[in-house]
Amino acid sequence: MTDTAEPYVDAGHAVDNASLALVPGNAPPVATTVTYDRILRARSEPQNWLTYYGAYDGQRYSALDQINTGNVRRLKPEWVFQCGAVGLEAGATTYAFEAAPVVVDGVMFVTGWDGWAWALDAATGQELWRHKHAIPFDVSLCCGNVNRGVAVAHGKVFYVTQNAHILALDAATGKRVWDKTYGDVRAGESATVAPLIIKDKVIVGSSGGEFGVRGHLDAFDIETGEHAWRCYTVPKPGEPGSDTWAADGEAWTRGGANCWLTGTYDPELNLLYVGTGNPAPDFDGEVRPGDNLYTDSLVAVDPDTGQIRFHYQYNPHDVWDYDSISEHILFDLDGRKALAHFDKNGYCFILDRTNGDLIRVFPFVDRITWGEISPEGQVTAKVYPDKEGEPVHFWPGPAGGKEWTHAAYSPKTGLLYCPVQDVGATATRRRREFKEGIPYWGAGVAVDLSDALGSVTAFDPATGREAWRWRNETPMCSSVLATAGDLVFAGAPTGEFNALDARTGELLWQFQCGSGHHSSPTTYSIDGRQYIAVPSGWGGWIEGFNPGMLGAPHGAALFAFALPD
Amino acid sequence: MATPTDERSALLSEIGLDKQNDATLGRVLATGRIGRAEDGPDGRMHARIRIPPDELVFEPSVLVLPHGGDVDLELINDDQNTHCALLPNNGDYQFIWLVNHSRGTATLNLDGPGYYWYSSPTGNDEGRGLTGAIVVLGDVPPEARLDRPPQPRP
Numbered sequence: 001m002t003d004t005a006e007p008y009v010d011a012g013h014a015v016d017n018a019s020l021a022l023v024p025g026n027a028p029p030v031a032t033t034v035t036y037d038r039i040l041r042a043r044s045e046p047q048n049w050l051t052y053y054g055a056y057d058g059q060r061y062s063a064l065d066q067i068n069t070g071n072v073r074r075l076k077p078e079w080v081f082q083c084g085a086v087g088l089e090a091g092a093t094t095y096a097f098e099a100a101p102v103v104v105d106g107v108m109f110v111t112g113w114d115g116w117a118w119a120l121d122a123a124t125g126q127e128l129w130r131h132k133h134a135i136p137f138d139v140s141l142c143c144g145n146v147n148r149g150v151a152v153a154h155g156k157v158f159y160v161t162q163n164a165h166i167l168a169l170d171a172a173t174g175k176r177v178w179d180k181t182y183g184d185v186r187a188g189e190s191a192t193v194a195p196l197i198i199k200d201k202v203i204v205g206s207s208g209g210e211f212g213v214r215g216h217l218d219a220f221d222i223e224t225g226e227h228a229w230r231c232y233t234v235p236k237p238g239e240p241g242s243d244t245w246a247a248d249g250e251a252w253t254r255g256g257a258n259c260w261l262t263g264t265y266d267p268e269l270n271l272l273y274v275g276t277g278n279p280a281p282d283f284d285g286e287v288r289p290g291d292n293l294y295t296d297s298l299v300a301v302d303p304d305t306g307q308i309r310f311h312y313q314y315n316p317h318d319v320w321d322y323d324s325i326s327e328h329i330l331f332d333l334d335g336r337k338a339l340a341h342f343d344k345n346g347y348c349f350i351l352d353r354t355n356g357d358l359i360r361v362f363p364f365v366d367r368i369t370w371g372e373i374s375p376e377g378q379v380t381a382k383v384y385p386d387k388e389g390e391p392v393h394f395w396p397g398p399a400g401g402k403e404w405t406h407a408a409y410s411p412k413t414g415l416l417y418c419p420v421q422d423v424g425a426t427a428t429r430r431r432r433e434f435k436e437g438i439p440y441w442g443a444g445v446a447v448d449l450s451d452a453l454g455s456v457t458a459f460d461p462a463t464g465r466e467a468w469r470w471r472n473e474t475p476m477c478s479s480v481l482a483t484a485g486d487l488v489f490a491g492a493p494t495g496e497f498n499a500l501d502a503r504t505g506e507l508l509w510q511f512q513c514g515s516g517h518h519s520s521p522t523t524y525s526i527d528g529r530q531y532i533a534v535p536s537g538w539g540g541w542i543e544g545f546n547p548g549m550l551g552a553p554h555g556a557a558l559f560a561f562a563l564p565d
Numbered sequence: 001m002a003t004p005t006d007e008r009s010a011l012l013s014e015i016g017l018d019k020q021n022d023a024t025l026g027r028v029l030a031t032g033r034i035g036r037a038e039d040g041p042d043g044r045m046h047a048r049i050r051i052p053p054d055e056l057v058f059e060p061s062v063l064v065l066p067h068g069g070d071v072d073l074e075l076i077n078d079d080q081n082t083h084c085a086l087l088p089n090n091g092d093y094q095f096i097w098l099v100n101h102s103r104g105t106a107t108l109n110l111d112g113p114g115y116y117w118y119s120s121p122t123g124n125d126e127g128r129g130l131t132g133a134i135v136v137l138g139d140v141p142p143e144a145r146l147d148r149p150p151q152p153r154p
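So the sequence lines, in the order shown, correspond to chains A and B.
Numbered per my numbering, the first sequence spans residues 1 to 565.
Numbered per my numbering, the second sequence spans residues 1 to 154.
Some hints here could point you the wrong way.
To be verified - Derived Cβ-Cβ restraints for the label pairs, each shown as a range:
no. : chain 1 : residue 1 : chain 2 : residue 2 : range
1   : B       : 7         : A       : 391       : 36 to 46 Å
2   : B       : 53        : A       : 15        : 22 to 32 Å
3   : A       : 242       : B       : 25        : 29 to 39 Å
4   : A       : 551       : B       : 9         : 51 to 61 Å
5   : A       : 430       : B       : 46        : 43 to 53 Å
6   : B       : 7         : A       : 179       : 40 to 50 Å
Rather than coming from a laboratory, the hints here were simulated on the basis of the structure.
By construction, the Cβ of each residue, glycine as well, lies at the ideal position given by its N, Cα and C atoms.
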């Protein structure tokens, strides 16, 4: 009390910030009927976008065709949802709006940066509830304060936080049901992945590959949060694959191979397909001799047990930071169960997804100088930072010919659509001692500020031939969306949201969203009206994938587009 | 040249970085005192934070919690101007108005380890000095840690 000796005015008790924003705090209970069986048949309800990729196959394709090549020029913004920064946040200048909006029967569930999750009325954009997990300001984030989205099932919304928690929220209220920690922030671990529901489990992966951690997948019981299994993607001594690490060293303890993107799933084979990240240190391979399994690999995982059934390593002994985290798109190729993967190394791999056999490999970006991969899959490294202090320039740079932003596949056209980043980098090996929680790159890296190009390129997976290319003056760094309206949607770093003809690549429509795109657009319909939703909020690891756009406007808006009534 | 730790407070005062409208317009953040929360027998923590007159600072400006969990805060505005507090909390930010000579409370749930900023989001209280930190000590649960031998730290 002050020297006035007057009693204090009663200021009461602090209240939820949402109570000062007319947020109702409840949403229709649409998620109670979302089950594993329903997610299995997600293709049968195109009005919804039930899971991260729209369906387990990762095709990012929708059968909705109300918006099509004939009318897309009339597409207009229907609503915008915005949420700016609040106070001092981790990665205050690197936050990005990266999520893929999930939509269930008229309710949209989407995450932002810094622990945000929202339920929105998908027809109007009205905020129905919010959940804000408090994120430590000092959390280790290699590439920005980001999150890629939610999973929805059994009346709950699941998402991860930058300090490596997985949360289950009541989908009707946004209130926390359970909260589990699955990573060690003191070790430099974090989490950015959108969870995936398989049967009675929710599956997530860890981030932190630039800090010398040991990557892992974790599964939790949907209802209770009980931990079901952990799958390390770097084996301990004596485990399968451990012979690809030095027998007497410590390299495996900090080997990387983080699974920071959502996997795809084949229910018939009961296999979860996950891409793993770079080894650590990223660029100093001399301290970790060997192929370094299971870094930069496809791992096919039994989702019931977490056991790795088989793998395919795209970049043995990677020294370019070529994570292979990118999606594995499941599709049928001439009656064969296949998958497609666009790797950071600039090659697209078509594999037999029953056993990991290579069917075809072909380059998808013009400039590849780090080495080459033969049609048989033989990898030959040519240019890499192996001498201390000696700069080495290579294409693609460490963000790759394509980074995490997703490609799409249209079963209607039979084409794959890839956002391409044609940008190089210079790495100079600089050995450093490993210290827990400190970045562990083993090089100084500068990505080219100029002479960087981009495109959306369509490929025929049956031949590897390029079908068309829509060129952009700067790398394309957002996911693409394919629809039965014969459209491919793709946002640009300069803010335009574009609609391309899926058969020719012709630009048919665009809208300037005011900030660059580094997210995953989705589509849904309500009462027969189709919407296209896209978060716009430039940020993340711009210095890696497009440093020529480091000064571009930031933003934090979610747009929904529709044809006029 | 680096400044030895024991000279920091004296140098802040000498230059005038720890008060309003002296060296700078406001007060450089986190130049106030450091305080510890009390840890109750049930694991619930308690702390008092004041806004002294004409200093535009939360005292302590760095509040240290021994571990993650629930903390009950008593917030007292001894200043002759109105301020507020927007505080981190798992679930949603917690907001409270603090008119002149007022006292309120807040309950926060925070993870550890790590630290969080909070502030008085009115005018530019945040820039003038009314931005405080809450530090949470501890480690993540054993089951969340990596299966590997102990590693060197900085």
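To test your reading of the hints: which numbers does this structure violate?
Hints 3, 4 are the ones this structure does not satisfy, whereas the remaining hints hold.
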